[in-house]
Every structure is written in C-alpha cells, then in structure tokens.
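Q: These protein sequences, in sequence, are chains R and D.
Those letters in the first sequence? Residues 1 to 174, by full-length UniProt numbering.
Those letters in the second sequence? Residues 1 to 787, by full-length UniProt numbering.
Hints are not guaranteed to be accurate.
[To be verified] Pairs of lysine-lysine, BS3-like flavour, derived with a Cα cap of 30 Å:
1) K107(D) to K198(D)
2) K331(D) to K413(D)
3) K129(R) to K619(D)
4) K160(R) to K129(R)
5) K198(D) to K70(D)
6) K86(D) to K129(R)
7) K129(R) to K155(R)
8) K619(D) to K651(D)
9) K708(D) to K774(D)
10) K708(D) to K129(R)
11) K178(D) to K129(R)
12) K155(R) to K23(D)
13) K160(R) to K23(D)
14) K321(D) to K198(D)
15) K708(D) to K58(R)
16) K129(R) to K151(D)
17) K774(D) to K651(D)
18) K160(R) to K58(R)
19) K331(D) to K771(D)
20) K151(D) to K107(D)
21) K58(R) to K129(R)
22) K651(D) to K178(D)
23) K619(D) to K331(D)
24) K165(R) to K155(R)
For the record, the hints were derived by calculation from the structure and aren't laboratory data.
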Amino acid sequence: MAEYRTIRFRLNGRPVELAVQPHENLVEALRRGFQMYSVRESCGQGLCGCCTVYVNGKAVSGCLYLAALVDGCDVQTAEGLGTLQQLSPVQEAFIECEGFQCGFCTPGMIMMATQLLQENPNPTDEEIKHYMSGNLCRCAAYPEIIAAVHRAAEKLRASKETDAKADQAATVAG
Amino acid sequence: MSKVMEPGVQSAAPSGQVGRPVKRLESAAKVTGRAEYIHNLELPGMLRAKVVRSTVAHARIRGIDTSAAKALPGVYDVITAEDILKVIPDPYYGPAFHDQPILAIDKVRHVGEPVAVVLATDVHVADQATDLVEVEYEELEPVFHEVEAYKSQTAIVHDVIRPAGTFADLKSLQPRNKTNVAMEYHLRNGDVDAAFAKADYVFEHTFRSQQVNHLPLEPTVTVAQLTDTGNLLIHTSSQSPSFVRIEVARLLGWPENKVRVRTAYLGGGFGAKLYIKLEALVAALALITQRPVRLSLTMEEQFYTITRHAATVTIRTGVTKDGRIVARDCKTWWNGGAYADIGPRVTQKSGFTAAGPYDIEAVSLDSYAVYTNLPPAGALRGFGIPQLVWAYESQADIIARELGMDPLEFRRKNILRNGRPHATGTILEDAGTVEVLEELARKMNWDQPFDRGSGTIRRGRGIAIGVKAAVSPTTSVAFVNLYSDGSCGVYCGTVDMGQGSDTAMAQIAADVLGLRAEDVRIIHPDTEVTPYDMATLGSRSTFHMGNAVRLAAEDAKQKIVAMCAEQTGFDPAALVVRDGGVATPDGSFFTFGAILAKRHGMQAGNVLGVGSYFPYYEKPNPETGMSEHITPYWMVGGTGVEVEVDMETGKVHITRLVTVGDCGKAINPGIVRRQLSGASFMQMGFTLFEEMVFDEGQVVNASMADYKIPGFWDLPDINEVSIVEVPHRNGPFGAKGIGETGSLGLSPAVANAIYDAIGVRIYETPLTPEKVLKALREKQGQGWEDA
Ligand code: FES
Ligand code: FES
Numbered sequence: 001m002a003e004y005r006t007i008r009f010r011l012n013g014r015p016v017e018l019a020v021q022p023h024e025n026l027v028e029a030l031r032r033g034f035q036m037y038s039v040r041e042s043c044g045q046g047l048c049g050c051c052t053v054y055v056n057g058k059a060v061s062g063c064l065y066l067a068a069l070v071d072g073c074d075v076q077t078a079e080g081l082g083t084l085q086q087l088s089p090v091q092e093a094f095i096e097c098e099g100f101q102c103g104f105c106t107p108g109m110i111m112m113a114t115q116l117l118q119e120n121p122n123p124t125d126e127e128i129k130h131y132m133s134g135n136l137c138r139c140a141a142y143p144e145i146i147a148a149v150h151r152a153a154e155k156l157r158a159s160k161e162t163d164a165k166a167d168q169a170a171t172v173a174g
Numbered sequence: 001m002s003k004v005m006e007p008g009v010q011s012a013a014p015s016g017q018v019g020r021p022v023k024r025l026e027s028a029a030k031v032t033g034r035a036e037y038i039h040n041l042e043l044p045g046m047l048r049a050k051v052v053r054s055t056v057a058h059a060r061i062r063g064i065d066t067s068a069a070k071a072l073p074g075v076y077d078v079i080t081a082e083d084i085l086k087v088i089p090d091p092y093y094g095p096a097f098h099d100q101p102i103l104a105i106d107k108v109r110h111v112g113e114p115v116a117v118v119l120a121t122d123v124h125v126a127d128q129a130t131d132l133v134e135v136e137y138e139e140l141e142p143v144f145h146e147v148e149a150y151k152s153q154t155a156i157v158h159d160v161i162r163p164a165g166t167f168a169d170l171k172s173l174q175p176r177n178k179t180n181v182a183m184e185y186h187l188r189n190g191d192v193d194a195a196f197a198k199a200d201y202v203f204e205h206t207f208r209s210q211q212v213n214h215l216p217l218e219p220t221v222t223v224a225q226l227t228d229t230g231n232l233l234i235h236t237s238s239q240s241p242s243f244v245r246i247e248v249a250r251l252l253g254w255p256e257n258k259v260r261v262r263t264a265y266l267g268g269g270f271g272a273k274l275y276i277k278l279e280a281l282v283a284a285l286a287l288i289t290q291r292p293v294r295l296s297l298t299m300e301e302q303f304y305t306i307t308r309h310a311a312t313v314t315i316r317t318g319v320t321k322d323g324r325i326v327a328r329d330c331k332t333w334w335n336g337g338a339y340a341d342i343g344p345r346v347t348q349k350s351g352f353t354a355a356g357p358y359d360i361e362a363v364s365l366d367s368y369a370v371y372t373n374l375p376p377a378g379a380l381r382g383f384g385i386p387q388l389v390w391a392y393e394s395q396a397d398i399i400a401r402e403l404g405m406d407p408l409e410f411r412r413k414n415i416l417r418n419g420r421p422h423a424t425g426t427i428l429e430d431a432g433t434v435e436v437l438e439e440l441a442r443k444m445n446w447d448q449p450f451d452r453g454s455g456t457i458r459r460g461r462g463i464a465i466g467v468k469a470a471v472s473p474t475t476s477v478a479f480v481n482l483y484s485d486g487s488c489g490v491y492c493g494t495v496d497m498g499q500g501s502d503t504a505m506a507q508i509a510a511d512v513l514g515l516r517a518e519d520v521r522i523i524h525p526d527t528e529v530t531p532y533d534m535a536t537l538g539s540r541s542t543f544h545m546g547n548a549v550r551l552a553a554e555d556a557k558q559k560i561v562a563m564c565a566e567q568t569g570f571d572p573a574a575l576v577v578r579d580g581g582v583a584t585p586d587g588s589f590f591t592f593g594a595i596l597a598k599r600h601g602m603q604a605g606n607v608l609g610v611g612s613y614f615p616y617y618e619k620p621n622p623e624t625g626m627s628e629h630i631t632p633y634w635m636v637g638g639t640g641v642e643v644e645v646d647m648e649t650g651k652v653h654i655t656r657l658v659t660v661g662d663c664g665k666a667i668n669p670g671i672v673r674r675q676l677s678g679a680s681f682m683q684m685g686f687t688l689f690e691e692m693v694f695d696e697g698q699v700v701n702a703s704m705a706d707y708k709i710p711g712f713w714d715l716p717d718i719n720e721v722s723i724v725e726v727p728h729r730n731g732p733f734g735a736k737g738i739g740e741t742g743s744l745g746l747s748p749a750v751a752n753a754i755y756d757a758i759g760v761r762i763y764e765t766p767l768t769p770e771k772v773l774k775a776l777r778e779k780q781g782q783g784w785e786d787a
C-alpha cells in the first residue's frame, strides 16, 4: 500500500488539506476529499476536457495531474465559478444558448470558456474552436457551445461597461 | 386503421406549455456541475471492482489461477464464474437471448470478455491485481466477418443458442443451432421474380458499414448494495431500469419487488446503457460479498462492452426505363459479435425497413443476426437503420445517375405516400415522407445551379432520406401526483440522458393541468417509486411515455375537477382548469391546494393520476414477415450536404449540412433541433472517420487518442436544421420521436455528394481520405501504389 502524504492547498478560495497517495490524480482527490463532482474522469488521457480544473489560475486536465503536485497551490473547480443562486455570466450564457444536452462535458466546457474570455474578451468562431478543441462533447452540442461563448462575451463586456460607468460615477461623486 | 390498446383520451389542442421553448429544467444543475449522475455515487464501505478480461477472441478456459492476485495486500477477493454459480445457478443474461454469462464459463468468445473480477477498497489495488490473475486458454478458431461467420461450419461461436422469449415480436424468429445465425428474418411481399422480370434494368450492389462505438462521456457505471432485509438496491447508469429489475429478479429467482433499480441523469447513453450491462455482475458481487460494490468502466472497456453492428448489405433493385422501382431484394448480415444483446431485434426491426421510404411492387428481404468473435453489438442511435439507409440511398443515387435522372426526381417518383402500404403491409399514416423530401429540396436549393469547383478542390452535393419504424410493442406507465399544496410531481421511468425528456414530460403534464412546466417536478426512474417503462430507446419516449404522462395528467385533472364540482355544486363540465387551480362559472377560483384542503380539513392528501400506454401491434406473419400493424408510427429524416473534396489528399470537408426531420409536433422546438443536429453530427463521425480497428479480435484503437470522435473542428461551415411537423393521430399533441431521425440520411448523403464532386463511388464507411483517393486513382486508371 502506497504511503499517504498530507497536502495543503486553496480550493475555491478556502484553505483545505488532504492526505493523498503518490499516484492519485487530481480528479480522484477532489472527488474523494471534497465531493467536487463537476470534475469528471472520462477518457482518462487528457483528451476530452471533462476533468478541467484551474491550478494557479491555469486550466489543467485533472486526470493527468498528480494530486500531490497541488500542494501549496490555488485550485479552482466549476463549483467555484457560480452557484445555483448566483450563476456566472458564462454559466448563464450556456443556459440561454442551450449549450449542452447530457451535461457531462459542461463544467469542463464552461471552465475552458471562462478562461478563454479572460484572455480574449471578443473571440471569433475560429478562436473559440481553436481554444476549446481539447474539449469533447459526445452529444455534439458544439454549435450551441460556440453561441454560448459569444453570448457570455457580450455579457462580460456589458458588465464591464456598467462597472466602468459606476466607477466613473463614483469618481465624479467623490 | 390505427388502433390504440389503452382507451385514449382525445388529445386536446395545446394550451401554451406544449410548443413553448422552455429551457431544460435541469439547466442550472448542469452548468454548476451539481447534476446527479451515478458516476458520482460512492457508498460507505464500498468495494471497487476491476474486471479481468479475455486476451483472446475464442478459446476454452483451461484454468484460472487467482492466488497471486488474492495475495496482493489490499485485495478483498477475486471472483470467477465458480463463485457466481453459487448465487446464480443459471447465470446467463440478455434481452433477446439468455446467452451472455455473467463471467465467462468454460469458454471465452471475444477479446475483452469478463473472466474474473478483483475486489478491493482501493481501485488502484484492484486494477494492479487484475494483472496477477493467470488464465490459461486453449485457443479455438475465431471468426470475425459477418458473412464468413454466416457461412462457417467450423468456427461456431455458440454451441447452443438460447432465445429468451422476452419479446412478443421475436417469438416467431427461430434460431438455427450449429451455425452462427442467431436469428433470421424474412419478408416476402408480392411476386418478386415476376416484378424483376418486368424491370428494364436491375442493379445489384454490396455496401458495408464498419463497427463503431457509442462512447458516452460518462462511462457505464453500476453500484449495488444489499438492503437491511437482504433485498437488492442497484444504482446504475441505465437507460432501462425496469428491464434491469426484471432481468436481475429472473436471474435470482426473486420476485420483482425484492429488486430496486434506480438511476439519475446519464452522461450520454445512445444505446450503450440499454437492457442489462454491468448490473447482473455487480448485483452478484454484492450478494457474494454482502457489501456495496461499484464497477465503473474505463473508456477502453467501453469498446469491449457494447458496439454498433458492422453490416454487409447486398441490395438488388429492379427499375423501369422511366425510373420506377418495381422490385427489391435485399440481404443483410449483421455482425452481432459474441453475444446477441438486442441484435435480434435490430435484425427484425431494421430488416423490415430495407425497402426504404419507397413504394415498391414486390419486395423480398432477408436479415441475419450473426454471431462472431468480436465485442457484442447492440442498439446505437438508429437501431441498425442507418446501416440500411447507407445502402439503399447510395444505390438510389447510382440508379438515378445511370438512368440519367435527377436524384431528387427519382426519389420523388418513388416516394411512399400516406395511405399506401409499406413493404411490410402496414399502411403508411401521418408520416412526413413527402414533406421531408420537399423541405430538403427547398433547403438545398436543389433546382439552382451549383458550383462544382475546379482545380484540386471539387465540390458536390448529395441528399438522402430514410425511414424508421418505431419499435413495437412497448409499454409506458406514468403517475401524476398533485401534492397537498397543489404542486405537481410526475413519476415516469423515462431516463433523461441528454435528450431533454424531463422537460418535455413536464411540458405535457403542465399543459394538461394548467401549470407552468417549470413548476412540475419530474421524479427520476426508481423502480420502487416510478411505474413500469419498457426503456428509453429508439425515439419511443415522447410518443409512448408522452402519452402515458398525458393520460395520467388527464386522470388527475378529472379527479380534482370532480372534487371541486362536489364542493361548489357546479357541473364538472362547466369548470375550467388553469393556473394551478379550477375556475368556476361564477368567477371564483380555487387552487388545487385549496380544493384538497377543503376536502381534508387541512393541508393534506393527494390526487393521483395514472396513465398507461400500449399501442396496438400485430407481430409479423411467420411465413411472409408481414403485418398490418408493424409499428405505431414512422420516423422520417432527410439529410443534404455540400462537400469539398481535395483531389490530392482525398479529404472530404462538409461545407454545408442540412438535417430535416419530421417530429409530428415539436413539444419543445429547441430540444428537437438539438436532437436533430446532435444525431447528425454523431453520424458524421461514423461516416467520415470513426472505426473500431481489430487485430485478431483485439481493438487496436480502444482509446480516445486513437478512436477519434467529432470535435469542434469537425463542424460543417454551415449547419442547418429544419423541423417538419406532420402530426400523428395517436401522438401526444401529434408528437412522434425524433432522437434518431437526424442520423438516418447522413452517410449516403455524403457519399452521394462525393460522387457528385469527383465521380467516384465508395461502398464502405468510413469515407476516409485513403478510400476516396484510392477510388479516385482507380477511376483515373492509376494504381493505388502510384498515389
Ligand atoms: S478525463 Fe481528463 S481529459 Fe478526459
Ligand atoms: S452535453 Fe453530453 S457530452 Fe456534452
């Protein structure tokens, strides 16, 4: 039996710790330790994106990422993006554009789309396909996913403008 | 004319919920990652199972040595057929045949067949221990190709053939022992020889479809446990919980009420999770160990569990000079793999549609379910129909071009119209054959000139249309429950695997009861709670369960109206149900909750509506294979594509894809579109690149790295979906199923477009660049080697 080692990291903003085995991957650790069920192992080979997690702000395939390596890191899962009561703009856009069927690939798709829009607030179809090409959807909701990314981009731009206006107003008032 | 077995309630016009573009009820659960899948289920004290699988295609088992595996620290136990036999003396299961042992007994029949199981608390330990189980085999001659297996007298996969007798429709199909033919179906309609004699031209071609895989992203998973009283509770990613219960109870010799089967959302199914898959094994393991046991397949294991039939279709068609099809003779060999699964039903249900959506004077059809030493084949989005449409619609183009006719005109001339008998003898009713074909022609601008490209990039376009008979006979039962406050729950066994059935069923119930779909709760399949449903398959749920839910809602409505009538003294006929309550002629309004409270003197009680639906069916005549009531409804789908073919690489790029499907009435238009386009893209993968590649029965590309499924880059440049609504007289609000319709026409449409572009015909899917280039070189009189 392999040795357990305790690692400490931040999970969706909160400090946590877990005893992990050396061969355990991040998907297993997050599910076993914290019931992060948005993180799913499907292909197990880094090819489908169902296990997408951010480590220190960068999307990784949890199925290929050893849990022990997140010691000291900042880890985020789809659970950290939004809640049932307060969905993120990308999550809202996926609902509005019906960007899923069975929903199994969906958290991974949303994680990738969220990161894409942070890097590129106004992507073209080609840029979306390119960025998201490591995420697969067997239900083939691809056209709706692309539409959802565009919709989310609009939402994020609109909220930025509102924020900017609010800032301006605050400055004037101040 | 159409008969309905259950007394029908006349379907009213929709009152606003049916036809509304409601967002999926579980949308927020899915985007937050909270949606419940059995994939997430872990139980305290649970053991994990890992399967030791056969490494050879056909062999006698000489011995299994589990000692090294058992000795590995952390291993709880290693189980073989010997242990299974102690709890289940006759451990053979399957929907059509009881031919599949829970673990291999004496013999293995395909690579990947489960031979033993290792149990451990730690899944990695279990996995490691599977390598330590030593199995000694004495190899037998294997057989892989369906036509060879059909003829073979030496390589026999099953010494004894064991029909299950489960399905009324299969009872007349007799197996032949000492062959690999599991089952055969024959249809003889009219004097085929005489009809061929009348034909001016006779065309004969053979087409083949390759073996492919469903690959749902949530791999199949089952967790089983014993209850406090020793009954079984099975949590499983199943499309057919009722069937699992019946089959597990049969294996154990238990009454159904001691087996409880429940499921959750499925992360895709497509037929991979139908009937019985891991459940019998995991149930046996729970009984043996008296502990909860979980078995979750890896992606690789999915390739060895269930697949789509490869098929060889030889089709002979007689036509007159003016382009009328007068005779058809079609033989199909279905590669069923080592175990029948639902193959025999595919053989019959698909077999009888080989005449296509055409009006043909005389038809002779033969369809053979053949055992081979490959992983078992079952149902995959279309139940075998796409393999047949591939043949008859490729040939339709060949014939049209030989006759110098436009392919659309040829189809128009021969299309089967409502009121005319289908080859089976069943009169076509309320089917959108003409409507789908015409919509396809319109969307494709077929009468407009088309730019065929030049130089190395050539362009072409193609169309195809297919018809599927809904599987019959099948039953659905539903309950609608108005709780004491008047809120509503629908209890139905339809499994939502992404097709949006929860939302559609809520819309149907809401429409009848004057509620908003969003306020209806769908109770997920649990045989302890939800009533019987045959299965979620074959695009049957909207029609069958939709009707059951509608009838259950009507029943509940009638009861609450009667209660209100009694309380107010008005005639029930004068009362109107709307907005979650009942309006009376004097302008008063009572909520359902208020009516129940008045009855019980406090917030209490229920109103329970029950609905059951079982369409009329007549099984085929054993002599002719014909029946006047072969199906409750027909599904019609058409596909049009425009392609670019690169003459130098053979690569085919779909620039435009048009999918047309007749859904009768779109209960939820958005979901209907997604079903059509999802099926179409899936079939695009099967058409252009997906293929299970075998070496001596071993799948050499059993991973997502080597078996490519469609991704973002495979999308056509333009993707259009068109819904045709030809209402069905017996459908709920006119609706029929749509889940597979988009898959019917795609493969031949692409092959026809390739021909249109570069003048070469390909007879076998997938239409890879290699095949296209090879055909092109041959046409140009160059050898393939020069390429
Ligand atoms: S499960 Fe990690 S990429 Fe597929
Ligand atoms: S929605 Fe089913 S896999 Fe993407």
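Q: Decide, hint by hint, whether the structure agrees.
A: Comparing the hints with the structure gives:
no., hint, result
1, K107(D) to K198(D), "violated (52 Å)"
2, K331(D) to K413(D), "holds (24 Å)"
3, K129(R) to K619(D), "violated (49 Å)"
4, K160(R) to K129(R), "holds (25 Å)"
5, K198(D) to K70(D), "violated (71 Å)"
6, K86(D) to K129(R), "violated (54 Å)"
7, K129(R) to K155(R), "holds (20 Å)"
8, K619(D) to K651(D), "violated (46 Å)"
9, K708(D) to K774(D), "holds (22 Å)"
10, K708(D) to K129(R), "holds (16 Å)"
11, K178(D) to K129(R), "violated (53 Å)"
12, K155(R) to K23(D), "holds (19 Å)"
13, K160(R) to K23(D), "holds (27 Å)"
14, K321(D) to K198(D), "holds (10 Å)"
15, K708(D) to K58(R), "holds (26 Å)"
16, K129(R) to K151(D), "violated (48 Å)"
17, K774(D) to K651(D), "holds (12 Å)"
18, K160(R) to K58(R), "holds (22 Å)"
19, K331(D) to K771(D), "holds (24 Å)"
20, K151(D) to K107(D), "holds (22 Å)"
21, K58(R) to K129(R), "holds (18 Å)"
22, K651(D) to K178(D), "violated (45 Å)"
23, K619(D) to K331(D), "holds (21 Å)"
24, K165(R) to K155(R), "holds (15 Å)"
In summary, the numbered hints that this structure violates are 1, 3, 5, 6, 8, 11, 16, 22.
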